[in-house]
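Peer 1: Residue numbers (UniProt numbering), protein chains in the order written: chain L, 1 to 403; chain G, 1 to 403; chain E, 1 to 403; chain F, 1 to 403.
Honestly, the hints are just simulated from the structure, not real lab data.
Be aware that one or more of the hints could be misleading.
Straight-line Cα separation of at most 16 Å, EDC-like style, residue types lysine to aspartate or glutamate; simulated pairs [stated by the list, open to error]:
#  : chain 1 : residue 1 : chain 2 : residue 2
1  : G       : 10        : G       : 22
2  : E       : 10        : E       : 63
3  : F       : 369       : E       : 249
4  : E       : 256       : F       : 317
5  : L       : 369       : G       : 249
6  : G       : 44        : G       : 249
7  : E       : 247       : E       : 274
8  : E       : 369       : F       : 249
9  : F       : 247       : F       : 274
10 : E       : 326       : E       : 81
11 : L       : 369       : E       : 363
12 : L       : 247       : L       : 274
13 : G       : 247       : G       : 81
14 : G       : 326       : G       : 81
15 : L       : 247       : F       : 94
16 : F       : 247       : L       : 274
17 : F       : 44        : F       : 214
18 : F       : 369       : E       : 274
19 : E       : 44        : E       : 214
20 : F       : 10        : F       : 62
21 : G       : 321       : L       : 257
22 : E       : 369       : F       : 257
23 : G       : 369       : L       : 249
24 : L       : 321       : L       : 249
25 : G       : 369       : L       : 257
26 : G       : 369       : L       : 363
27 : L       : 369       : G       : 274
28 : F       : 247       : F       : 38
29 : F       : 256       : E       : 317
30 : L       : 256       : G       : 317
31 : L       : 321       : L       : 257
32 : F       : 369       : G       : 249
Protein chains: 4
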Amino acid sequence: MVDWTAGSIKDDNSALDIKLIDLSTVHYLSGPIRILDEDGIPAKPGDLVAVEICNLGPLPGDEWGYTAIFDRENGGGFLTDHFPCASKAIWYFEGIYAYSPQIPGVRFPGLTHPGIIGTAPSMELLNIWNERERDVQTNGLQSYKLCEVLHSRPLANLPSPQGCHLGKIKRDTPEWERIAREAARTIPGRENGGNCDIKNLSRGSKIYLPVFVEGANLSTGDMHFSQGDGEVSFCGAIEMSGFLELKCEIIRGGMKEYLTPMGPTPLHVNPIFEIGPVEPRFSEWLVFEGISVDESGRQHFLDASVAYKRAVLNAIDYLSKFGYSKEQMYLLLSCCPCEGRISGIVDAPNAVATLAIPTAIFDQDIRPKTNKAPLGPRLVRKPDVFKCTYDGNLPITRNPSAT
Amino acid sequence: MVDWTAGSIKDDNSALDIKLIDLSTVHYLSGPIRILDEDGIPAKPGDLVAVEICNLGPLPGDEWGYTAIFDRENGGGFLTDHFPCASKAIWYFEGIYAYSPQIPGVRFPGLTHPGIIGTAPSMELLNIWNERERDVQTNGLQSYKLCEVLHSRPLANLPSPQGCHLGKIKRDTPEWERIAREAARTIPGRENGGNCDIKNLSRGSKIYLPVFVEGANLSTGDMHFSQGDGEVSFCGAIEMSGFLELKCEIIRGGMKEYLTPMGPTPLHVNPIFEIGPVEPRFSEWLVFEGISVDESGRQHFLDASVAYKRAVLNAIDYLSKFGYSKEQMYLLLSCCPCEGRISGIVDAPNAVATLAIPTAIFDQDIRPKTNKAPLGPRLVRKPDVFKCTYDGNLPITRNPSAT
Amino acid sequence: MVDWTAGSIKDDNSALDIKLIDLSTVHYLSGPIRILDEDGIPAKPGDLVAVEICNLGPLPGDEWGYTAIFDRENGGGFLTDHFPCASKAIWYFEGIYAYSPQIPGVRFPGLTHPGIIGTAPSMELLNIWNERERDVQTNGLQSYKLCEVLHSRPLANLPSPQGCHLGKIKRDTPEWERIAREAARTIPGRENGGNCDIKNLSRGSKIYLPVFVEGANLSTGDMHFSQGDGEVSFCGAIEMSGFLELKCEIIRGGMKEYLTPMGPTPLHVNPIFEIGPVEPRFSEWLVFEGISVDESGRQHFLDASVAYKRAVLNAIDYLSKFGYSKEQMYLLLSCCPCEGRISGIVDAPNAVATLAIPTAIFDQDIRPKTNKAPLGPRLVRKPDVFKCTYDGNLPITRNPSAT
Amino acid sequence: MVDWTAGSIKDDNSALDIKLIDLSTVHYLSGPIRILDEDGIPAKPGDLVAVEICNLGPLPGDEWGYTAIFDRENGGGFLTDHFPCASKAIWYFEGIYAYSPQIPGVRFPGLTHPGIIGTAPSMELLNIWNERERDVQTNGLQSYKLCEVLHSRPLANLPSPQGCHLGKIKRDTPEWERIAREAARTIPGRENGGNCDIKNLSRGSKIYLPVFVEGANLSTGDMHFSQGDGEVSFCGAIEMSGFLELKCEIIRGGMKEYLTPMGPTPLHVNPIFEIGPVEPRFSEWLVFEGISVDESGRQHFLDASVAYKRAVLNAIDYLSKFGYSKEQMYLLLSCCPCEGRISGIVDAPNAVATLAIPTAIFDQDIRPKTNKAPLGPRLVRKPDVFKCTYDGNLPITRNPSAT
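Next up, chain L with everything else stripped away, as it sits in the complex (with noise of 0.2 Å):
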């Protein structure tokens, strides 16, 4: 598989690609896969398809992959009131850890997964979806509870012509049209599965999807090396191209039986997923927390959103006090196998959100002092001058002043 870009980014120093990316053409996928049973008959709609990720990595001979800021104004990302110009990290694989010149001092092992799975909507599924994402995007801040601190990003990616991959169907012809203008996007992950971005599919795992049409038409697509909850940047896992993988059962009648619609029609169901046992084991983790109340001092009523926010923001200032740029810890918290927790839900006004960063990925000890205990002397490094540039022609460089 293809990156989700197409190899649309290079790897190289400079942020340009990024920063001038047609967004409208993502993601390239692989599928749609029809699937049958061992006597043929193909998965219908009702039943599950069990998909088990076998195997999966990058492709071999191509070991690299990247992590992004888009620019403010092409695509942006959750932090991109704070970080609104382009940037990249490119991260090198061996085996199964990455590392980047960009971010030097860090090295940490991926939970390879693929960031999009999922079975292919009905009609009337893709209706239900264009209606509801239609009227976000129509009536946006008036009639929604929209963040303002998010709202320069578009409010939802609509179907559309521009950009748009539609298989053997022929280009610019009449029916091309027609389906461009109906097709959904595959930016949000929805009741097919989708954009799903859990970072922990990786092998072992299993994805119980709902079928909407015959054979499911399995897309899958968007590889990523590693991933951070929430995947913050946007562009923030390790993107790469790679191979997967699958073994697919299907689970006759499974809809009824294991899903429960939550909406107005029986298609209002989420996917289920079975994590294995396989990931990194890591023994201590520095957790930073959010409440919602934003940059601003404004009170926000139990908003997950705004205290994850908060939370990331306040790891990334914590970490570029260790001879870290905001830029390389932004990026680095989207890739890294940190984890995103809802601690707090209830407690009104406040939503609690943390965000726990395994202290082992870096190669300095990155806790807080205690004045009489230190556990070890900080790392002290010349300042590097890092090749990437962003927003046409500055260079990121790691903070000189810091230690």
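Go by the hints and put chains G, E and F onto chain L.
Peer 2: Same frame as chain L, now just chains G, E and F:
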């Protein structure tokens, strides 16, 4: 330490105490503790106190706790629109394990922790709190992005003389009245820590708390034998009385060195937490997903609270297929060691949240079964009749039609 | 429970108590406990008792322990030919963690457990023990395959009136004398459990013990704050006084249902253990290997004891390169959470044993460094002079030439 | 890399190939690989090579392996006196999982690793090996401490022209004959690493190997999909063909810096291993114990090999109560991710060894049941008839009398 209600909830088979509880009196805490260094010099504003949790547990001879759903008209919870009636489960402890007669077939190790630990605010910080929380309560739905499905609950918990505890201050004097009208309620977590409900803060964890007043004036309480991320039913942990042994160190000037203000004043900070290496290992997890489309089918914009609500509802519905009522599962997911994650927060318009449940806490295999490879017989149990009542007089029964 | 020496070893800076200890008096145990079912009917021969460890820990106010090397002439240990002199390290506990002034730069979480837990033998089983152990002591090197490097230690610990504890039996009466001459010493683990020293038997573990006499007569003691596999220095765990809460259930007829005799009589059985889900997680381990070739270069045939001895010696030598004396590391590997494994036992003539040490217990990076990718500065510490003395008067010093 | 027998064992339902295999030809390895640094300068005696395992797995399209018991007269195994007949189980791989038609009801994730990895010995080291191993074979039972229960197996595997592989050396020339008579056989692990069978050497692990000849001449092979500690049945791992990606670095002078000779020459060293953070997590373990009393009731002195044999026998007997034959369980304990520990090695006269088995690999609850709290129904299965034959013509059957 007493439990958060100071013994209001009884080890019996009626939920009447839950239904009628006066929530204006919670939380009952221990403290404030004045923190000095080895030379007797107190912690000062701008310092951090590093609080290590050395030991903790239930009080000997009092090894039980409770999880409850509050009535919608008296406290409610995350899913109060789905579960409006009071309910209660009693948990008994056998060493590290808890089990409940109200939720048979479940037994799990607890990750015991204090729900609340925090320092005292300065007057300046108190004013910030009171102002911003009053604002949300006053302007409420009009100017804030409130999730309607949550709005039947109180929007904030403002200072009030009703049910107020003020230590040695003589009740109903002018001084008592003045303080009661400005002292913050302990319901939400805030800049000082407080009710952060981080379920992993068990033995060996360390909490770095900012100091706002001389001596730090540490308070703690709200002991939890176990809690799930989010503590969704509000009285959602296994609430208990207990003991707590702490070791405190002062990091002089630590606020400036380690914390970064995130807001209009230097007081807009959050504590940092360090999770220790000891917690229950689980091998396999079943993961439920939610997206930010609510139960009416309405689209919300990257709203992690809505997505998490959907994930919890999906989990409850799924688990209720295994011989449980939905109330039982709502209670269970509030207090068992389940993890609530923000998986995707950038793919407009859908936030994706997940709830991961360790399969080992059940005495039956709760995974979906493929038709060809059954992993063992589903447990067939005669329907139990539980003694716990809710809404006055209805018994909770395990659904007799379930297998 | 008192520690295994009933307080003979002091929290001081001299190893004289270790050098002069009268080992004929150990172990001091608690019990016997008569086990009844809910109807008051005692456990009977042929039953199993399932003993769950509910809670345990040091005694409040007495949070310290010790690890020691016995003098070669008085007990010795696994490496007594390499470490002939008495030595002692004191450990202090901070919640789950232990640290020692004698071994600075090390701090680790303990996996607290009873070293000894067992049921009483029947007369028939006692006779089997006494006969086979007398045989090894009598015939010793001639007819048995004894490892010469171990043979300066006692070959067995036979019944003897010297230092004997017999509960309420009046000392120095004929009855006392008779019993003392046939009652088994508690040094080795046997069919009844006893001194099995399984380091993972902590909270939530369950032990299935065979019952040989009515009531089972359970005894326990020898509390360990932490132990490494093998407990190599003999007084090798962090020995402490402590408390232990057990829950016992009787499995009627369980010996026949679950255990299989492995020897000439139905009594030749061994207990079964169930390890719970709670123990310290470690991320990275450094592993030392030994093969069954002894220090003189002599080949032994698939001898796992020799191989493990080599693995431990290799680890001690390696770690002593990081600023420690070999005695310090021998003490440490006896008590820290290291794992001793039988990796290969079939590839004639070499058994392969391994010793795995979690790297996180040190405050410096103890891994070998490749020339190109240093992982951080090696900790340079001024050589400490330790106060603990051994062999009468020599101070243990950290090797000044190290680092 | 081919499997250790170069394809001699077939994916079929007969154990005849196992019974008749010519073991003089194993192991088939890949190499030697000459290791250079970035400037093209080879590794030199006295250096260490740090070999990181980047990736490994079965060969695409060849995803199967086997575990076997050798006939007592042809190789045998750790329990050859109990299991004298040849037997074989075929395992099929589904991603990280393996399952076997011969051992139904079991499925587990593999921790894939090379059984053999080592550098070439110098002539001096080769002479040391040949001398000491010849000594044990010649003098055998008389002067060595051989465990009689093991002595029907070959005492050593000395150089021999029979079945010898010598790369490009022309077969049956005088040079070939000379080399074949002095070149070490690869059965045992030795100072150079070799057949160390450390089951955790999977992705992300690093091996520090001593260099004895210029270029190091690294060889590797004997790929295992999974192995239990001890690899007890000798052909005990899940043996397979596979691929292996390594990254090598040279640590100049590393032998002196990191290894300590343990014997009469500087060559008496052992490699060091670093285990990575990725391996299957298991939550609960059932642990079987053995003491150094053999099956005849005879006492051995602190003999960990005898103790481990007892532990394995106890586990086999216990597990066979759940519907399996003992041969099936002997095969399973050779290859599943079980841990063999040396728990006590100092309490004369009994060594205590333990074998810990993760309970999750079975599709039924294998724990002992207390009478009052059953954890679920025991799986009742109609007795399967397995197709694999042993000793010429006897089918292995699951014991029909077992439940």
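Peer 1: For the pair supplied as a hint, residue 256 of chain L and residue 317 of chain G, is the alpha-carbon distance within the 16 Å limit?
Peer 2: holds, 12 Å
Peer 1: Does the structure keep residue 321 of chain L and residue 257 of chain L at a Cα separation of 16 Å or less?
Peer 2: Answer violated: residue 321 of chain L to residue 257 of chain L is near 52 Å, above 16 Å.
Peer 1: Does the alpha-carbon distance linking residue 247 of chain E and residue 274 of chain E stay inside the 16 Å limit?
Peer 2: holds, 14 Å
Peer 1: Going straight from one Cα to the other, do residue 247 of chain F and residue 38 of chain F come out at no more than 16 Å?
Peer 2: holds, 12 Å
Peer 1: Is it true that the CA of residue 247 of chain L sits at most 16 Å from the CA of residue 94 of chain F?
Peer 2: holds, 8 Å
Peer 1: Between the alpha carbons of residue 10 of chain E and residue 63 of chain E, is the straight-line distance 16 Å or under?
Peer 2: Given that 16 Å is the threshold and the Cα spacing comes to 13 Å, the pair holds.
Peer 1: For the pair we were handed, residue 247 of chain F and residue 274 of chain F, check the Cα-Cα distance against 16 Å.
Peer 2: Within the cut-off at roughly 14 Å; holds.
Peer 1: Take the C-alpha atoms of residue 44 of chain G and residue 249 of chain G, compute the straight-line distance between them, and say whether it is at most 16 Å.
Peer 2: holds, 12 Å
Peer 1: Can the restraint linking residue 326 of chain G and residue 81 of chain G be considered satisfied, given a maximum Cα separation of 16 Å?
Peer 2: holds, 13 Å
Peer 1: Would you check the hint for residue 369 of chain G and residue 249 of chain L, treating anything up to 16 Å between C-alpha atoms as holding?
Peer 2: holds, 10 Å
Peer 1: Tell me if the straight-line CA distance from residue 369 of chain F to residue 249 of chain G falls inside 16 Å.
Peer 2: violated, 47 Å
Peer 1: Would you mind confirming whether the straight-line C-alpha gap from residue 247 of chain G to residue 81 of chain G stays at or under 16 Å?
Peer 2: violated, 42 Å
Violation of the numbered hints given earlier is confined to hints 13, 16, 24, 26, 31, 32; the remaining hints are satisfied by the structure.
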